[in-house]
Structures are given as C-alpha cells and as structure tokens.
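**Q** Single-letter residue listing:
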Amino acid sequence: MKHGGVTKFSIQNLLGPIIVLILLTHFVGGASTSLQLVTQMALCLFVMVLALQVFVGNSGVLSFGHGAFALIGSYVSAILTAPVNIKDNALSMNQLWEPLVSPQVNIYVALVISAAVSGLIAAITGIFLMRLNGLAAGIATFALLGVAYNVFFNNKKIGPGSQALPGVPLIDNNWILLLLAVLSLILVYFINISRIGRTLRATREDAMAAPALGISIFKVRLIAFIISGAVAGLSGGMYSHVAGTFQVQDYYLEFTFITLSMLIVGGSASIWGALVGTFLITAVGQVLLMMEQDLPVFGIQVQIPLGSRAVIIALTFVAVLLWRSGGITNGKEFRIPKLKKIS
Amino acid sequence: MVQSILDAISLGGLYSLAALGLGLVFGVMRLVNFAHAELITIAAYTLVLTAQFPLAVSLLFTVIVTVFVALLMEFSVYRRLRGVNPAIMLIASFGLSTVLQRVYELMFGALPRSAVVAPFLRGDFKVAGLSITISSIITIVLTIVILLAMGYLIEKTSLGLQLRAASADFKTARLLGVRSNRLISAAFGLSGVLAACVALILVIQNPQISPYYGLNITILSLVGIVIGGIASLRGAALGGFIVGVVLSSLNTLLGNGRVYAYSWLFILVLVILLVRPGGLLSKGSELERV
Amino acid sequence: MALLEVTNLVAGYGKVEVISDVSFTLEPGKSIGIVGPNGVGKSTLLQAIAGGIAPKGGTITFDGKNIAGKKPEDIVRLGLSLVPEGRQIFSGLTVRENLSLGLTGRRNKKGANEAILKVRELFPVLLTHENHQAGMLSGGQQQQLAIARALISEPKVLLLDEPSLGLAPTVITDVFDRLKEIIEMGTAVVIVEQRANLVTSFAEKTIVIRDGKVQSTLTSADAANSESLQRSYFGAGE
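Residue numbers (our numbering), protein chains in the order written: chain Y, 1 to 343; chain H, 1001 to 1290; chain R, 2001 to 2238.
Don't read these hints as lab results, they were simulated from the structure. Each hint should be verified, as a subset may be incorrect.
[Stated by the list, open to error] Here are the simulated EDC-like pairs of lysine to aspartate or glutamate, each with C-alpha atoms no more than 20 angstroms apart in a straight line:
| # | chain 1 | residue 1 | chain 2 | residue 2 |
| --- | --- | --- | --- | --- |
| 1 | H | Lys1156 | R | Asp2174 |
| 2 | R | Lys2030 | R | Glu2204 |
| 3 | R | Lys2118 | R | Glu2017 |
| 4 | R | Lys2213 | R | Glu2017 |
| 5 | R | Lys2180 | R | Glu2130 |
| 6 | R | Lys2156 | R | Glu2130 |
| 7 | H | Lys1171 | R | Glu2027 |
| 8 | H | Lys1156 | R | Glu2204 |
| 9 | R | Lys2071 | H | Asp1169 |
| 10 | R | Lys2109 | R | Glu2097 |
| 11 | R | Lys2156 | R | Asp2177 |
| 12 | R | Lys2118 | R | Glu2204 |
| 13 | H | Lys1171 | R | Glu2085 |
| 14 | H | Lys1171 | R | Asp2074 |
| 15 | R | Lys2156 | R | Glu2027 |
| 16 | R | Lys2205 | R | Asp2177 |
| 17 | R | Lys2180 | R | Glu2204 |
| 18 | R | Lys2118 | R | Glu2130 |
Nothing here was measured: the structure is a model prediction, and the numbers come from that model.
Using the sequences plus the hints, can you model the full thing?
**A** Structure below.
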C-alpha cells in the first residue's frame, strides 16, 4: 500500500472507470437474468469497496469495522421500507419495537437516510477510533463490528435478530444502481485528489513526520472515515434492495474479508484498483460457481468438486499478494488513452 | 462461586496460551497470523480422529501434524511476504485462513466430528461440599505448566534470547548473526506446539470439531494481545488472560444478558486502547506502524 | 592480498541509487576511514557490505569470497561485523544478554569464553553493569557495549557507523582509544564518520565520498595538512 495515488484532476482518470462500469452493466448486466443479479450485487459491493478505498487506501489504516456501517445502512434502509404487515407479523413473533413497525419511506429517501445514519455513527465512533494507529486501530475497528453484530444478532426489539427480514422492496433496475455507484465513484475520486486525500497519503508514509508538518492526522482521518462510513452505509442500503432482505450475518467476517480482499487484490491505492478487484473476484466467483453446478462456461463444460470454489478464490487471492503486494493495478489509475492525431 | 472463579482463571489461561502463540510469530515478523485459528482447528481434528489411540500417542501425533502445518504456512506463503507491509500480511493470513477452513471442510466435512478425548478428565469432584469440574482444574494446571515451560524457554535459553532480540529489532539481530529463516521457522513451530496445547484443552471441554473450531478463540486472543501490548510476549500473555477472565466473568455476571457479553468486552477493549494505545504493558506512546 | 575489496559498488533503497560507484581495499589489520557530508550514503555503503541491504551492482570480496548479496547473518559468520549507526543495542535486554547475542555470530563455538573475557578486559565498565538493562547505560557505555557485542564474534573486519554520534568530546576520545587498541590487536577496521578529523588522525587512509562516488583518497600525511583535507571534503571551488 505504499504506492502514490493520483493527486491532480484528470478527466481521463475519472471517465475511464465510469466508462468501464457502464460497459460492464450494459453487456454483462443485460446478458441474462442470473447475470443481471450478479451485476447488481457487484455494483453494491463496488460501492462498499470504494468506501474502503477512500479510507484504507488513503490512510493506510486497515479497517475491519466498515462491515458495521454496511450493516447499519442495510438495516436502516430495510426497516424503513419493508411493508408494515411483514414487520408486524413475520418478525420473531411480534417482538419488534412499536415505533419501528409503522414507518414507510420511499426507497431513495431511505437510502439517503441510511448513508446519513452510517455517516453519523462513523463520526461518533471516529472521534475515538481515529486517535489510534496501526494494529490498535485495526482491532478497535473490529471491536466496532463486533459490537454492531452482537447487538443486531441478539436484539429482536430493533430488528430481525438472527433471522432475515424479508420483503424489502427491490430496485430492479441496473441503471439506477449504476448511477448510485457512479455518484459514489465521483465523490471518492474528488476526495482522493483533494487536500484531505493528499494529506492522508502523506501521513500514511510517515506517521511521525505529519505532526511536525502541522498536519492533524486526527482531523483528516476523521473526515475520511465519516465519508467512508456514509458510502459504506449507502452500499449496505443498496444491497438490501437488491437482495430483497436484510440479514445480520451478511455483514460479518466473510463480508469483511471479501470486501477487503477485493480492495487489496485490485490495489488499494486507486479507484481503478477497487473496480478491478471487485469485478475480478466477482467474475472468478461466478465462473467457479457455474463450474461447480456443471454449467457450461463460454461453451466449455468443466466440472469442479462442490465447495472447491471458495478454496480457489482464496488461493487466487493469496497468489496475487505473493505475486504483487501492491495489488493488480499497483496504485495506478486507469486512463482513457488519448487519441493520437494522425498526421 | 468457586467454580466461576476457577472457570474464569482457566479460560484466561487458555486465551493467554493462544495469545502467546500469536505473539511469538508477531514478534519475529510483524505478522498477525489470523490462520493461527486453523492450527488450533487441525490440532483439534487430529486429537478427535486419533482418539482410539492412547492419549500420549494421540498427543504426539497432534503436535507433529500441527507443527507441520505451521511450518507449511511459513514456507509456502509467509516467507515470500517478508518485509511487506504488515497490513498486507494480515490480509494474506485472512486468505490463508479461509483456504484452510475450506480444505478442512472438503477433508472432514462441514458437520462436526466428535470423539471422546481423555474421558477421565470429565466430570466433577467435591471439595468441602463444593462441586468442582475436573476439567477446570486440569486446564489451570496444564496452563501453568505450559506457561512456565514457555517462560523458561524465552527467558533462559539462547533461542529465547534470539526471539526476544529479534522481536525488538530484527535487523540488528541479523547483523549479530541471528539466522532469520531458522528463527522464524522456530517461532512458527512453537506457535504450532502452543496451538496443539490450546486444542487439547478446548477438546476436553468441547469435542465437537467443525472447520471453524479455532476461529473464536483466535479472534479474542488477537484482541487480547493488542490490549496487553503487542510489543512483548508478556503483554500478549497478560492480554489474553484478561480477555478470558473478563469474558468468563461477564458470562457469569450478566445472567440473561450474557448474549451481550461480547459487546461489553469489545467496549472495554476500546476503552483500554483509548487510554493506552500501545497496550497495557507498553512504555510511553510509541507509534507502531502496522 | 586485500582482506576486503569493494569494487564499483552500487547501492541504494528502492529505486533510489545512493552509492553509484565506490571502490576501496582494506589489508588485514589495517584501518580505513570513510568521510563525507551528511546523506552521501556512507551508512548505505556499510549496510551493503554487511548485508543489511542487497547491493545493486559491483562486487564485494571478503577473504577471497564474493559476499555481495549474502545475508547479514552469514556475512558475520565469515568474520565481518557491523556496529550500526545509533548503536542499536537492545535496550530492554541486560548488558550480559546483549553480549551473549554477539556469540550467535561466531564461526566456531569454541573459544567463546576467551572472547568474552577479552572483551570484558577491553571494556571493564560493562562488567560492573552486567545485570543492568542496557537502556540504562550512558551513551558512551552503550557505544562500548555495541562495539563489544560485535567483537565477541572475533571478526577479521569491524565496520563502525559513526561511533561518535551523540557522544561528549571526552567520551569520544575514550571510545577512539579503545578502537586503536582493537586495531593493534589485529582487527581491521572500517570507520565511517561525519567528523573527518576524528578519522584521519588514526586511519591509514581515508576516502572521501561525494555524490555517491569516491571523490578522493587521503593518506594520514594528507590529513595532517588541514588545507588539503578541507579542499577534498568540501570540493575545490567552495
């Protein structure tokens, strides 16, 4: 994670990933119903990986706590939009706290609220967490996830507990999800090239030198953490409207590991890395899933034993780190190549 | 009451053994080896699958298998990642942990494997009218013996001296002739032995082995070494002990609220880290870059 | 035959090349000084010789073997020890433990006791603090400990990186007197210093490094002439 990152605005750097996203959504997302769902989930995960990129990629501080923001975002959006009868009846034998049963909000308003709530919680917890460095920060952020998971898993007054909350209305439109992803991408891009992004990257290189330069590590980290928490909340919200359910277990260790590996495999120092990591791991996972189910992949039928998919994904991940510890993109942004004039 | 105190101490001791295994490896290569969980798991599987043999044979076999897996991790993955950003190593160890979990699932199945290990250590006995489980006493005795042995190894032997020196400053230790590959392999080997000890104690209490068997204790011990002070092995052992004692006490004290024991534990962890970011045994406020 | 021969050495960190072309030779039992302004790569040079970093080019021949790119723990076993910049003693360990660590780098385990005795004789102050934490020692004592620790492996060549750093003048004299004794006992010494006058007074020759290259070589006769020292140190025009 020691690679530079981009500091100056360049329309090519910004448009490059956006165009790739549009192409992926159009060609893959429109190919079949099953691929449409995969694409929609990948777009949600991409927003999550962007959230990690803006904080982890810039500050170099590993966060295991972002699953908590996704969890909260997902929960807020689901509880605000799920039909009253479902909340009233289906949930854990009517244990849900009364004021949570009646609210009915438009999906997009709910998404904004979920980002805001996650951002707010990031702000409150960040005031404490961002004072820490290194491994202590990593464990502290994990403690945040631990508390969120533990509370939501066991408390049936605020949510479904260990069960799933069904009936969350769907956003069954690739382009709306794409739009949300692109908006998040633009936000993260501008943070990365802003003074906050540059300062954070400077503190990553040398945590000792920063105070000497009059830089408050705490302040810039906190700002990045809040934005990152809000984007993670949005991603959780999006996910609940793609999956149609909210379930606490979706946002624990496996989620944390998969999203962090997407970031690191792609290369944590750039948005392009986040994109490559998310879609590559999703694609590999999908291909292997089809192999496990003995379905043809691009016309070729290869069968692999059931359950070996996860082994292969994790092995690929470890292999990428061994091959290139800066990730596949090694910190570079993707640029649309300039058209050469023909002379 | 007496039983609760004994349970707290024995859980604390167990966690300090796990924390020590993690701390040894962290010391020499700044690696938080998340896959330590899978060392405990494989040790537990081996114990259960060899339960038909005499305990000594089964134990010996378990130690050999666990040390082998520990060294395999070192040779195949971690050796190639040396000197890389610790965050990357940590993430790689996550990956390795997942790989092993799935491999165990393919090898042993997703359903728990079980067998009765050391049946003579089950049950309870009465002292002055109080009923006390044998396993809690055995755990405490075993832990004390293992901790004393580790203490001797680390404080009094040449290997221990090299481990301490390398933990403080690997570069200088190498300049003095400390062989990096051998020392790191030794640290992994020892962490494997410790994982086998932890597994033995765990299996006596709960012989239902699934692919995720070692996960919980490893996560909590990780938390422990950070609050204890990751820079020293004493800190690691102390931190692990605290986490175990606190968790066990919370489970007793909270009654019906014990489902939230983890939340209270994590909140306590946050408070400790905010007061002492470098851990309880740290000196001053060093900025550690992990 | 030279004991240590460095030829066209290139070294640096990452993509940065700090040392671009350095050559020198050292005969058994002799001493060589390396001087130059701050940041010219004197420490990098020593680290490359001792194996702390892998050289990017050139050869380092020690005792007839090419040691460039070997691991530091193997190089110390061949008989080449580095006392790193800033002493780098293990402050949490006792003085005795620090010295014992020096034993790890010995080629043969026989004669270890004699080596310890010899070092204790050379640095009697360490004896009185044997069971104290090394971090409690004064700066000068820590420097003596660092040198003593390196000597326990009985090296043929001792590399010292700025042994005067952070020490009071009287203490510096003390440390350098010890170094003279060490040379008299037959150990060849390479000593890097920022303060040129400290080195030129006792090293047989001194090389001046500038811009990653050897700018000039001075003999002790040149060194006596302070003007020529000044000129080569700061460059002719300045």
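**Q** Taking the hints in turn, state whether each one holds.
**A** Hint-by-hint comparison with the structure:
no. : hint                    : verdict
1   : H/Lys1156 <-> R/Asp2174 : violated, 34 angstroms
2   : R/Lys2030 <-> R/Glu2204 : holds, 7 angstroms
3   : R/Lys2118 <-> R/Glu2017 : violated, 40 angstroms
4   : R/Lys2213 <-> R/Glu2017 : holds, 11 angstroms
5   : R/Lys2180 <-> R/Glu2130 : violated, 24 angstroms
6   : R/Lys2156 <-> R/Glu2130 : violated, 26 angstroms
7   : H/Lys1171 <-> R/Glu2027 : violated, 28 angstroms
8   : H/Lys1156 <-> R/Glu2204 : violated, 44 angstroms
9   : R/Lys2071 <-> H/Asp1169 : holds, 16 angstroms
10  : R/Lys2109 <-> R/Glu2097 : holds, 17 angstroms
11  : R/Lys2156 <-> R/Asp2177 : holds, 19 angstroms
12  : R/Lys2118 <-> R/Glu2204 : violated, 25 angstroms
13  : H/Lys1171 <-> R/Glu2085 : holds, 12 angstroms
14  : H/Lys1171 <-> R/Asp2074 : holds, 13 angstroms
15  : R/Lys2156 <-> R/Glu2027 : holds, 10 angstroms
16  : R/Lys2205 <-> R/Asp2177 : holds, 18 angstroms
17  : R/Lys2180 <-> R/Glu2204 : holds, 12 angstroms
18  : R/Lys2118 <-> R/Glu2130 : holds, 15 angstroms
In the structure shown, a violation is registered for the earlier hints numbered 1, 3, 5, 6, 7, 8 and 12, in ascending order.
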